[in-house]
Amino acid sequence: MTVTVLPIFETDFKPEKALAKVMNDRLKRAATELQDVHLKTLSGRGFSSDALVIYLSYNPKFKIRFRIVNDVPADIEYHVAELCGRLGYILWKANAIGVSQEKG
1 MTVTVLPIFE TDFKPEKALA KVMNDRLKRA ATELQDVHLK TLSGRGFSSD ALVIYLSYNP
61 KFKIRFRIVN DVPADIEYHV AELCGRLGYI LWKANAIGVS QEKG
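Mind the numbering: the sequence shown is residues 1 to 104 in this note's numbering, read in order.
Bear in mind the hints are in silico, worked out from the structure with no lab data behind them.
Okay, derived cross-link-like pairs now, PhoX-like style, lysine-lysine, Cα gap no bigger than 20 Å in a straight line:
id : residue 1 : residue 2
1  : Lys14     : Lys28
2  : Lys17     : Lys63
3  : Lys17     : Lys61
4  : Lys93     : Lys63
Here are the in silico distance ranges between beta carbons for each label pair:
id : residue 1 : residue 2 : range
5  : Arg26     : Glu77     : 17 to 27 Å
6  : Ile8      : Glu77     : 10 to 20 Å
7  : Asp75     : Val37     : 15 to 25 Å
8  : Val37     : Phe9      : 19 to 29 Å
Where a beta carbon is used, it is the ideal one built from N, C-alpha and C, also for glycine.
Put together the whole structure using the sequences plus the hints.
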């Protein structure tokens, strides 16, 4: 499995320039650590050759949030959610682009 964690620097709010630099540096470190340390075991043998792509960003309260952006098996999704929760990251709840909200 190929694991990619991408920091997303654009947020719904605009922090001051000095704070934005600190936040962006912290987000880069968090993404690198999540990919290279915490999720390294998913890159090993026994996992599918599929990809796992995770976005990290900030919410307006300066908490790091995460979102898996591709389809992965439920056990991988649960593993990532459990790990991110232990790291203090929160689930990034967002509507998918182009998906109807109607229920039929």
